[in-house]
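Just so you know, the sequences run in chain order A and B.
Using the numbering used here, you'd call the opening residue of the first sequence number 65 and step up by one each time.
Using the numbering used here, you'd call the opening residue of the second sequence number 0 and step up by one each time.
Note that these hints are calculated values from the structure, not bench results.
Just so it is clear, CB atoms sit at the ideal spot from N, CA and C, and this is done for glycine as well.
One should not assume that every hint holds.
What the hints assert, rightly or not - Just a few of them, taken from the derived set where beta-carbon distance is under 10 Å, the chain B residues facing chain A:
| id | residue |
| --- | --- |
| 1 | L20 |
| 2 | G27 |
| 3 | L31 |
| 4 | T48 |
| 5 | A51 |
| 6 | G164 |
| 7 | P176 |
| 8 | R244 |
| 9 | R247 |
To be verified - Chain B is nowhere near these chain A residues, computed Cβ spacing over 10 Å in every case:
| id | residue |
| --- | --- |
| 10 | R125 |
| 11 | P152 |
| 12 | P252 |
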Amino acid sequence: MSAAHPSPPAALPTRARLAVATGRTVAGASKLVHFGSGSVIGGRAALLVDPDLLRQLTRGREVVVVSATNGKTTTTRLIGAALGTDRPVVSNSLGANMTPGIVAALGAADPIATAVLEVDERWVPQVLEQTGAATVVLLNLSRDQLDRSQEVRKLAERWREALTATPPARVVANADDPLVVWAASAAPEVVWVATGQDWTADAAGCPNCTGRIAFEAGSWRCTACDLSRPDPHVEVGDTGVTLPSGPVALDLALPGRVNRVNAAFALAAATALGADAIAAAQAVGRVQEVAGRYRVATLAGRPVRLLLAKNPAGWHEAIDMLSPAPAPVVVAINARIADGHDPSWLWDVDYERLAGRLVVATGERRHDLAVRLRYAGVEHVTVAEVADAVARAAAAPGAEPGAIVDVAANYTAFQEYLDMVGGPR
Amino acid sequence: MSPTSPIRDSAVRIGVLFPDLLGTYGDGGNALVLTQRLAWRDIAVDVVTVPAGQAAPDSCDLYLVGGGEDGPQVQATRELDESRALHRAVDRGAVVLAVCAGMQILGHRFPDATGTDVPGLGLLDCDTVRVDRPRAVGELLTAEATVPDPSGPPGATIDLGVLTGFENHAGRTVPGPSSTTLGRVEVGEGNGDGTEGVVCGRIVGTYLHGPVLARNPRLADLLLGWVVGVDALAPLDDHEVDDLRAERLRAARANELAPRRSWRDLLRRS
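Chain B with its partners taken away, still in its complex shape (with noise of 0.2 Å):
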């Protein structure tokens, strides 16, 4: 669609790990985004989806971790901890997006379904705690998102504008001294402590559903950026998704759990 020219002479690899453990909640739609994005200016891409039982590669650009239940998250952490293959290509400098239970995999402990802790994959400087609050479940926006600018001097940091999208999680995250968080939570309930997200050098850390990509096309373009550089992308016609946000932020602001909740579907379906 755009007339860039590619400026890598290799496909950008994208690591889709465990989407059958962990893609519960749609976030196999973020490594669609991602391609498509990708295709639409003419750059070529190769995406490795990884199953349960396979060894992880660790020679992808870019990986993706989605959400998942209690129990398949911990055998996500088992096969990644043993094959260290994240921890390698996250050396090498690899992009990494953890939504979800995948960020609670990346930090340094989550609680299991029985509430025990799990030692996690310590990629990124946080805690997942157990609460004694009700499921965080619903929109969730954080306003005037921004992550630090790896590759820029201390303090610049690059502006992702509001974040949208649905969290769904029991856990909250405290993240450590050595990680940023994504912004302030406008709607929702994020982290727990007011914040959303983690962000410890290229890994992305959040609780946003949505798929997270899909409807915040900045953050998929970030993450883009970091891997083939911003000069390579071309601007995309988005139009839909901003129609998308602006219905969602408007709902959102509107504390719209429900849409139109009407006597009628209660009585009917309850």
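Here chain A stands alone, though its shape is the one from the complex (with noise of 0.2 Å):
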């Protein structure tokens, strides 16, 4: 299978050469008895060959690292699209986001192509130490997977610990999350973006101390402590975003408020990197769906739209995207072992704002929600298979004919629809 690839590049030491020509090997095969596509566990193998690959794979190479509970995909891609505009960019853009993941990446890359890797949130102290990425991104931290993510202040620590071992250059970080805050501000250079970010409920207690955060309008402050929100460097508005060097006029193709925050971590991040800043906003804006999410596809024979929504503060975001009711809304929930055993979490989500339409609730765990919604007062029905669930949201009373049925899921219904209409691409 190997002779297919370009050989590994050959400043890498001899180890890590075998290790990655393990790894692509044992990933081929993996592929051929179809276990997706394979990439994780052939960079399982070749961390088994060299457990110090991830170093060797970006010594000497630019690394742009971006972590959070939500938006990481997104952002990676749209930083990916930036800085694509003048120079080789390599990323593991399907999410695979821990170091298995991101070896398999950089293996098959260019040598001198600049990293930007998403990396999974508890995964960010090993893959800095590792990397000595000179620019990481920090989005937001939230709960998420209850039953098996550590608790967030936990993760904020982690961060800042990591942080100050290992100082990047430059932190692009949100001058609206506590947490966020209070773990970026370890390093030495943060450029603060202001995300208008107004999902609060995981932030109360100050990292920082035992005292309680007190939010106002625009801003907040620990009410024991010094720690209060920064002056931001970045802003985001409707039509552009407020990037150091000035503003900058932006087009999404992507829905919603959140990716326009996205695009403004993308923007800050790829212009202190050198980019162009009226070029990359243009690449970013050209970016229409993002390992699958946003993708309008034929699922049943009829238009769907993939969205993707995992957690409360997801949910926050994307209630707003879908197409305002009364159009229905397909929302699937699973519990399997990456979306949290626990979906009581669908109690944090302010499903009240669904009302008006029909919710058509699938999934493995659509009769949990079925019981919120009904607390919540919104009318919905449940269905077992994400076709037929599909084709009672289009017949609904609210829906336009021909119209895209929106089909919000959490993480492994999202991955399974994704499937269902050919997968990421």
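Hey, can you piece these two chains together into the complex? The hints should help.
Written out as structure tokens, the structure reads:
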């Protein structure tokens, strides 16, 4: 299999080259037996051969690390687009965001390409230590996967320790998320982005002391210590972004307020790395889908748009992206290992905002969703199979004939439906 | 929805204590469940949400204390210990539902993040201790749950049926002699000694998230009945909860912690 690929870069030590070749062979074999793309298992095999492989593959390479609870895949993609205007870029663009997925992506890459890496929140310290990334982009931290993630405060603490141990040249960080601000302010230079984030439910307690964070319009501060909102360098408007170098127009193909915020992070990071703001903004604006998110496709013979929403903070933004009521929506909830086994978070989502339309509940935990929607006073039905759910939504009184049906799904449900419409590309 | 007329001349007051500290595991849904089950019966309800740093009122009919992380748990204990509002309310006969960290707070003591004992509020006769076992995470099923009837003759109990929910806790809870438990664990860990929950009078402690009242409407109506009287609680259409319960009971008994955990999921995400 490996003969079909370009050779590993000659500058790599022998062991790293062997590791890359092993990873490719295993990934190819895995792909042959239809175990997905094989990139993660290939990366694992490569790391068995050379545990230091990530360090080897990023030596001398420009590295950007992107992490968050929500939006890291999208922002990674947008930074890739922005930097791709003037240099080669490599990315783990399909969301395999721990070390095995990252080495799999880098193993096949041009050795001089800038690496834009999406990194799982828990893997930030390890990836920073091994890559010595010069640019770190930190979007937000909120609760996700209740049964398996670490407490968000502990994650913020680990980020802070990592930024102290391996200081990057710059951090681009969210000025409106107290957990992120506390973590990022350990870095020597921070570009603060005003995100207007109004999801504050996961940051009531000050990460710096045991005080309480007081949120007021457009600002926040700790009531007990001096942690407060830093003055932002980047602002997000309806038609553009104000960067440290000045304003730039932005016309996004991606929907929603949150994607304008993601684009602002991308432009702030890319221009800090020397990209031209106007060219970068145009490239970012042209991105239409990210690892299948927002894809318009045909499912069960009907046009659908796939949206990913996997936790309360994500849903908070996703509801704004839906076609307005009375357009029906299909909502799919699973609770597999990658989703977290406890879907109690459904009760922290403001599903009351879905009132005035039919919600078709599907996925393995559709009954949990149905009970939530009953108590929210939202009209709903449960349908076991997604194809039937889309058909049911398309036949709802609020549906325009032939209109695109929004399908909002959490992680594993989303991946399943994406596979049904051709998979990531 | 139902024709019952309210038998109270004032609204039922539900106090939600420190949801910003103790709202990590979706227990805020319990307040919505109680509110709606009253509203559907045309019973007026007033929800008092008490954020951290604000004084808890002692005048509510029913209090909800949810689950949370170690640090916030200690902060919530400190605030309730200083104000004594919950103690005064319980003395008056107020009803309390305390979930997970909330139950631990109401006991005599619990361990903080470092393992040091923190004195609890002493409203529930139980001790929470650290054990050398993995964190208890998964579906929790309590067969044939009952609570003593606080207004009935000695030994009288109220049947709650099967309790279903999701547990997620490190500590284990040892019920004391003046408390009872909700029942015996069929699937999961619960208190750690084969029992689940701690009940003292009209205070119910449990390890069940889900939220517990969303999955167990009989428990919800038990708490409401203690406030408004069972006669005020006309039956509601709970068929969707029945569907959810049937599915969760089946999954718990089949030990499906990870429903249809597939190789694809593991390869993709890990």
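Structure-based check of all given hints:
Taking 10 Å as the C-beta cut-off, the interface hint given for B/L20 holds, the closest approach to chain A being about 7 Å. Of the supplied interface hints, the one on B/G27 holds, with its beta-carbon coming within about 6 Å of a beta-carbon of chain A, less than 10 Å. Given hint, B/L31 at the interface with chain A, holds; its Cβ is 5 Å from that chain's nearest Cβ, closer than 10 Å. This hint is violated: B/T48 has a C-beta 12 Å from the nearest C-beta of chain A, more than the 10 Å allowed.
Annotation: B/A51 was flagged as interfacial toward chain A, and the flag holds, the nearest CB pair being 5 Å apart, inside 10 Å. Nearest Cβ of chain A to the Cβ of B/G164: about 9 Å, under the 10 Å cut. The hint holds. Interface hint at B/P176: violated, since its Cβ lies 32 Å from the closest Cβ of chain A, which is beyond the 10 Å cut-off. Taking 10 Å as the C-beta cut-off, the interface hint given for B/R244 holds, the closest approach to chain A being about 9 Å.
Interface hint status for B/R247: upheld, as the beta-carbon distance to the closest one in chain A is roughly 8 Å, under 10 Å. With a minimum CB-CB distance of about 25 Å to chain B, A/R125 clears the 10 Å threshold, and the non-interface call stands. At the 10 Å boundary, the C-beta of A/P152 stays outside the reach of chain B, the nearest C-beta of that chain being 26 Å off. Every C-beta of chain B lies more than 10 Å from that of A/P252, the closest at about 28 Å, which supports listing it as non-interface.
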